[in-house]
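Novice: Residues per chain are reported as follows:
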Amino acid sequence: MTDTPIKDQAARDAAAKVAEYEHGWSADIETDFAPKGLTEDTVRFISAKKNEPDWMLDWRLKAFRLWQTMDAPDWAKLNVPPIDYQDAYYYAAPKAKKKLESLDEVDPEILKVYEKLGIPIEEQKVLAGVEGARKVAVDAVFDSVSVATTFREELKKAGVIFLSISEAIREYPDLVKKWLGRVVPVRDNYFAALNCAVFSDGTFVYIPEGVRCPMELSTYFRINAENTGQFERTLIIADKGSYVSYLEGCTAPMRDENQLHAAVVELVALDDAEIKYSTVQNWYPGDAQGKGGIYNFVTKRALCQGARSKVSWTQVETGSAITWKYPSCVLNGDDSVGEFYSVAVTNNYQQADTGTKMIHNGKRTRSTIVSKGISAGHSSGTYRGLVRVAPQAEGVRNFTQCDSLLLGDQCGAHTVPYIEVKNPSAQIEHEATTSKISDDQLFYAMQRGLAQEEAVALIVNGFAKEVLQQLPMEFAVEAQKLLGISLEGSVG
Amino acid sequence: MLSISNLHATVADKPILKGLSLTINAGEIHAIMGPNGAGKSTLGYTLAGRPGYQVTAGGAQFDGQDLLALDAHERAAAGLFLGFQYPVEIPGVSNVQFLRESLNAQRKLRGEPPLSGADFLKVARAQADAMGMDLDMLKRPVNVGFSGGEKKRNEMVQMGILNPKLALLDETDSGLDIDALRIVGEGINRIMRKPDKAVLLITHYQRLLDYVQPDFVHVLADGKIVRSGGPELALELERDGYKDLAA
Amino acid sequence: MTALPTRRDEAWRYADLEAVARLWPLPAPERILVPAGESFARAIVQDKGGIHQIDLVLEAGAEAAIHVLNCSGDYGRIELNVTLHEGADFTLGAAQIGGDAQTLEIITTVTHAEPKATSRQMVRSVLAGQATGTYLGKVAVAHGAQQTDSEQSVKAMLLDRTATANAKPELEIFADDVKCAHGCAIGELDPMALFYLQSRGLTPADAQTLLLQAFIAEVFEGAMDQEALQARALAQLGALA
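Protein chains in written order, with the working numbering: chain A, 1 to 492; chain B, 1001 to 1247; chain C, 2001 to 2241.
If you are wondering where the hints come from, they were derived from the structure by calculation, not from laboratory data.
Remember, predicted model here, so these are calculated numbers, not experimental data.
All the pointers check out, no bait thrown in.
Listed next, the stretches of chain C that the computed footprint assigns to chain A, with coverage defined by at least 3 CB atoms under 8 Å from CB atoms of chain A:
#1 2137-2148
#2 2163-2169
#3 2177-2183
Taking lysine-lysine pairs in the DSS-like style, the calculated list, with each CA pair at most 30 Å apart, reads:
#4 A/LYS363 / A/LYS276
#5 C/LYS2179 / A/LYS481
#6 B/LYS1151 / C/LYS2179
#7 B/LYS1139 / A/LYS276
#8 A/LYS436 / B/LYS1108
#9 C/LYS2179 / A/LYS357
#10 A/LYS436 / C/LYS2116
#11 A/LYS291 / A/LYS481
#12 B/LYS1224 / B/LYS1197
#13 B/LYS1122 / B/LYS1139
#14 C/LYS2048 / A/LYS422
#15 C/LYS2138 / A/LYS422
#16 A/LYS436 / B/LYS1139
#17 B/LYS1122 / A/LYS465
#18 A/LYS481 / B/LYS1122
#19 A/LYS465 / B/LYS1108
#20 B/LYS1151 / A/LYS465
#21 B/LYS1165 / B/LYS1108
#22 A/LYS436 / C/LYS2138
Ideal placement from N, C-alpha and C gives every residue a C-beta, glycine not left out.
Taking the hints into account, I'd like the entire structure generated from these sequences.
Specialist: As structure tokens, then:
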């Protein structure tokens, strides 16, 4: 495209003008927005706003043109209302939320949930957006600003690169260029292509050879969760022999004006590297009648490129009106290991279609899949998974366990496992069960003193235990409470 | 402590209890015996508040409260424990977790502070030891893979930890061999034979009563108590059977 | 279906589409209705290749047992579309034995439309050469079909590294008081067992045939012509060795 630089310049000018007009000379770039709708100019605008190099803009534009030729997938067991992609904003500073003076102004329903989750009061203020709380809460969590700084410095000392993806594109272009789109190609699927074109921001992590990341990249994220954009992009590279545990998401209910979320997460594990990626997803699921709520169409994939590398996905999915998500592992390295542990809860009118793909290309690669689906109300939950063994992959092992728990007779629970084996030395085992909470179990727990909802929460947590055990300690406790809260009102 | 008057109850619209009256005072141990189908288990379930067990007439006062107005868990918090004839399996939930959460839920309802993990473990360990139960079994999922005898012993450990005022023990002796029977019997005496507590043993046979001496024995037939007496009544029933009582 | 299927059609994703094109358009499926309270049994030996589609409806309390040996032709496909009314009972026992470049498929949709119906499906595949064996089995439990009891057991044995096994044991459940389970296992013969048999004097080929015979034996249990099916399967297995 010969006119690219010109249009790009035009976008920069346009943005600058808008900034001036709206907010005067001193207004900074953060207050900008792109007009409604999605065209090549939108893509140029976003790229310009982020001061991206030309190669990045080209990459985005290619993705955009490809996306225009694609169709939204229709094969998942979901009922997705048509989405008007021209009736949305693709770049806007977070809407200046109404500043709140104190927690008294927060929706009491939300506060109730915070309370049940046991979130400290200062953190509650940050989550709710109370004026002036931010700094205090960072202090509360990290003890003090200096601790936060220590945190960054400690990572830096270990050689860990931990930045926003926009910063990484500017500061580490070679690393980003080498791996971005390598795990999830632009053409992978409709939502991935859309993300490539318009991703707003996200996270970049690089763990150098032999380094064990000195801390879970987790607590940090509760505070930063509000930055989570509509089109988030994450790239994590674990170099040879390194280890990192990364946690995304938040147990606190997150409300967002954006209806569509289409994130892409790419993980790369080289020889002997290990990545543990945990997610707690609790986006707004819509109300009890199924009005509103987030559409969460995420593409997550890991490339176990190196020998003996390992990637472990753990997810607790309780939110969103519609979830479409298959964190997967491409096991290329010999003796590499993929794991997927999932709890997905749907209540009211929520729909979740989630699972994993384990692609065994390397020799002696192993994978474990444990999926626990819990459906209540009028909701519907589907496990959809693929285990594929390539002809050259000798000695592959897979074990899959898919269990569904139904609460009530108006919900649905579905299991769709694909198994494709082209090597006789593979040992593939798959088991699935469907059950409900028996009246006997419920009464037994109540006879010992638990109220009905507590009893349901306890039994559901028992059902999901194998998965919850995989979560980092501090989140396991909150996730347990979350399961109970998500199912409130579903029995009785 | 417990006063049941003219209790009528149905299960799936079928009348099972037909005017049962019984008073149990603190410090007493009562045994209810009777033939199959007399309504023994129904009595336990109805008093503990099992859904589907419908009270159609009569009432029950427990410690000055209207027992029947409470939910099942509130009855537990009020101090009523039902030892199940067939203890239920709950996969994935350890005994320790189950009991700690149950106990703290009861304490919360009673306005008492929760027990810390360490304090709870101390209590749990002591009770498990007393029943000769391995600590490992406390960590295993509730009743999953337990033998019949282990399940009953586990019920006694739970009773010891939850420390109720009144225990309704439904055929706690079934499925036990002689040694286990003695251990369970001693457990009941140790935990419950106190001036401020009471027990209602629901049983077919005399043999548990060899270990737990009842103060009163009642015969339940066709949903009513048809005879009451002292411990000698149990021996008489063991000898003569229930045949003559139905009339 | 009137248009020629493509890979995007779930029920045909592993099919030999060239062979399908040669057979297109298909005749209407065979329709079998088992009246209330009656029993039906059928053994199908697919020994010429081709596509065999059956719509089977079991009225209340009816029983049906279908046994299948799917073994011949370049492309052999058996499709069963089963609807179960209250208290009906359906059993499928199927073996697929293939070598060379054969593509063998068993596709089932078992709909529990009403309460208390039971279904048992057992499928064993033995695949050598460049053969592909597929089982796509969907169990659907309708709203209100309480006390459904359904089971799928799927196993495949690959004898050569050029053979392929595909399986999709799918559940679609809209009722809570149900027992639905499926199990699937794919692997190769246990080398230790092969060695043990050989150490007792069996040739490697006989040892393999014997173990494979044991592997598929249970699917024909209770079939109306059990012995004939087993003899035919054994001959087929012997030819692979």
